[in-house]
Amino acid sequence: MVPPKSQRLLIATLAIAALISAFSGRIDAYLLDVALGAGISIVLASSLNLINGFTGQFSLGHAGFMAVGAYASAMLTTTLAPKLMGQTELLQWVVFPLSLVAGGLLSALVGVAVGAPSLRLKGDYLAIVTLGFGEIIKVILQNLDAVGGARGLTGIHTHTSLFWVFGSAAVTVYVVWSLLNSTFGRGFVAVADDEVAAEAMGLNSTHYKITAFVVGSFFAGVAGGLYAHLKGYLNPSGFSFDKSIEIVVMVILGGMGRHSGVIVAAVLLTALTEVLRSFGNYRMIVYSVLLIILMLTRPQGLFIWPLKKRKST
Amino acid sequence: MPDILLDLSSVTIRFGGLTAVSSVSITVREGELVGLIGPNGAGKTTVFNMVTGVYQPTEGSIHLGGRSLAKLKPFQITDLGIARTFQNIRLFPSLTVYDNVRVAFHRHLQNHSLQSLIRSSNFEEEEANLKARTVELLTLFNLQRVQDEPAKSLSYGDQRRLEILRALATKPRLLLLDEPAAGMNSSEKTELLTLIRFIRDTFDLAILLVEHDMKVVMGICERIHVLEYGRKIAEGTPSAIRADPKVIAAYLGDN
Numbered sequence: 001m002v003p004p005k006s007q008r009l010l011i012a013t014l015a016i017a018a019l020i021s022a023f024s025g026r027i028d029a030y031l032l033d034v035a036l037g038a039g040i041s042i043v044l045a046s047s048l049n050l051i052n053g054f055t056g057q058f059s060l061g062h063a064g065f066m067a068v069g070a071y072a073s074a075m076l077t078t079t080l081a082p083k084l085m086g087q088t089e090l091l092q093w094v095v096f097p098l099s100l101v102a103g104g105l106l107s108a109l110v111g112v113a114v115g116a117p118s119l120r121l122k123g124d125y126l127a128i129v130t131l132g133f134g135e136i137i138k139v140i141l142q143n144l145d146a147v148g149g150a151r152g153l154t155g156i157h158t159h160t161s162l163f164w165v166f167g168s169a170a171v172t173v174y175v176v177w178s179l180l181n182s183t184f185g186r187g188f189v190a191v192a193d194d195e196v197a198a199e200a201m202g203l204n205s206t207h208y209k210i211t212a213f214v215v216g217s218f219f220a221g222v223a224g225g226l227y228a229h230l231k232g233y234l235n236p237s238g239f240s241f242d243k244s245i246e247i248v249v250m251v252i253l254g255g256m257g258r259h260s261g262v263i264v265a266a267v268l269l270t271a272l273t274e275v276l277r278s279f280g281n282y283r284m285i286v287y288s289v290l291l292i293i294l295m296l297t298r299p300q301g302l303f304i305w306p307l308k309k310r311k312s313t
Numbered sequence: 001m002p003d004i005l006l007d008l009s010s011v012t013i014r015f016g017g018l019t020a021v022s023s024v025s026i027t028v029r030e031g032e033l034v035g036l037i038g039p040n041g042a043g044k045t046t047v048f049n050m051v052t053g054v055y056q057p058t059e060g061s062i063h064l065g066g067r068s069l070a071k072l073k074p075f076q077i078t079d080l081g082i083a084r085t086f087q088n089i090r091l092f093p094s095l096t097v098y099d100n101v102r103v104a105f106h107r108h109l110q111n112h113s114l115q116s117l118i119r120s121s122n123f124e125e126e127e128a129n130l131k132a133r134t135v136e137l138l139t140l141f142n143l144q145r146v147q148d149e150p151a152k153s154l155s156y157g158d159q160r161r162l163e164i165l166r167a168l169a170t171k172p173r174l175l176l177l178d179e180p181a182a183g184m185n186s187s188e189k190t191e192l193l194t195l196i197r198f199i200r201d202t203f204d205l206a207i208l209l210v211e212h213d214m215k216v217v218m219g220i221c222e223r224i225h226v227l228e229y230g231r232k233i234a235e236g237t238p239s240a241i242r243a244d245p246k247v248i249a250a251y252l253g254d255n
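Chains A and B are the protein sequences, given in the same order. Going by the working numbering, the first sequence opens with residue 1, and the numbers climb by one from there. Going by the working numbering, the second sequence opens with residue 1, and the numbers climb by one from there.
Chain A extracted, bound-state conformation (with noise of 0.2 Å):
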């Protein structure tokens, strides 16, 4: 049996993406890492299309959910690597995946405890907590001497590499894909459109809400992982608020709930800041301008087109 066209197109995606990354070697070193940093954005900005753009719930906390996920995966493979000495390839193939999926797991699980006693809040107030959540977790890693604390986590082995990065975003986008194209992920859009209608058709919200939660920090945790072994070295201030606003600014230029926008959104965005580095320390400015006049011209999101007849026969 064939297995379906958005299967294929993943498996061809992680193809393409093992082929570009034999060849790494070759890449300018700058532009390496630049593509790199575009597809963690690309990760971490889907995924909260799935909380912010379906869902329609406003969180504000997705580089907290990524450091649980950064700290968790660097400090698995910074404690086992000694034990693994000499053994690389164990160690790039085996330890380090595993390690993205047990920070993602843990940064889920937080999702859970986060989410479920506070999904009843809407808008700002949902807003507000996930904020809070955010800087709790900061603040934590900054008092934690086990990870380095304020100094930082340092010692990570860099394993990422262009295939994990693009690997990762296209499992995230594939699954953000597939959860919304089935029946049971309208009903995603149908509570964000409105709740008490979609109870009453019989679709349990909180369900909806909390999943959405689960699979958009667990792809979150994934991301910290992805960039603690980018980086190689972890600071607790790398994920302030200003991370989770650089998030949601992908999300909502992408224009909310779209799949191939937030795409473009999140690599423009990063490219953006690389692009921005000749205006050197009016670097912030500038690109908080063009960000005031993007929200100006287009508030719909950059990449909205009229909407386009979808096919359901």
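To be clear, the hints were calculated from the coordinates, so they are not data collected in a lab. Hints are supplied without guarantee of correctness; some may be wrong.
Said to hold, decoys possible - Part of the chain A face toward chain B, derived, beta carbon under 7 Å:
no., residue
1, E135
2, F184
3, G187
4, A190
5, E195
6, I210
7, T211
Keep in mind that this is a model prediction, so the values were computed, not measured. Note that the Cβ used here is the ideal one computed from N, Cα and C, for glycine as well.
Add chain B to chain A, keeping to what the hints say.
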């Protein structure tokens, strides 16, 4: 006589010091078409909200087919077979007409989140089967011609009919219609009468209807309950209600 399907017995609800509905008993039998009328603020929509689990009654009990609905959430009550429409239409505006009906089928499905990821042949088959059923329903109401439009782009009358259709997709045993004729002109109202009768006969269900338009209520209801200030002041056939002096004084007026 058919069995009792919905049974509200001495139901009271208070919001702080205000008693919105006071010791009201209403029954709906299998397959029956029952009207609930009364002046504005009499508590008709509050009764609907208690039956569908949006509010919990302060006193009294509500049973569907002998099963208590106490402490159940709205989606669980829908699972038991009660579906509703809203006084001010509440569709899923950004979903297409097709998806509006499709999500309501959700509770009859075996598949869930994990299966939508694996996409086995079984899953695809189920989704295809559901597509056919959705289109079949849409065709019944002649809404298949706009099935790919977002629900918010539909005309008012079509939105009303889509909302009823969406409720039917949950396969209810009891359908609650909250002022279905509101905002309709007289020819649309006549159409609605035919539609409601058609639904009752085709889908084999009971209907409880809140409506201000007497032409609609008297035209189709087999039995009518009248509320005033949260109390039930009368119950009976349309002709009996029309002749009831209490109802005339409270609501109908004498002309």
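Right, here's what the structure says about each hint:
At about 30 Å, the closest approach between the beta carbon of A/E135 and any beta carbon in chain B exceeds 7 Å, and the interface hint on this residue is violated. Checking A/F184 against chain B: minimum C-beta separation of about 5 Å stays under 7 Å; hint holds. With its C-beta approaching chain B no nearer than about 5 Å, A/G187 sits inside the 7 Å limit, and its interface hint holds. Hint status for A/A190: holds, given a least beta-carbon distance of 5 Å to chain B, under 7 Å.
The criterion of a C-beta within 7 Å of any C-beta in chain B is not met by A/E195, whose closest approach is roughly 10 Å, and the hint is violated. A least Cβ separation of about 11 Å between A/I210 and chain B goes past the 7 Å threshold, and the interface hint is therefore violated. The interface hint given for A/T211 is met, as the beta carbon of that residue sits about 6 Å from the closest beta carbon of chain B, less than 7 Å.
In the structure shown, a violation is registered for the earlier hints numbered 1, 5 and 6, in ascending order.
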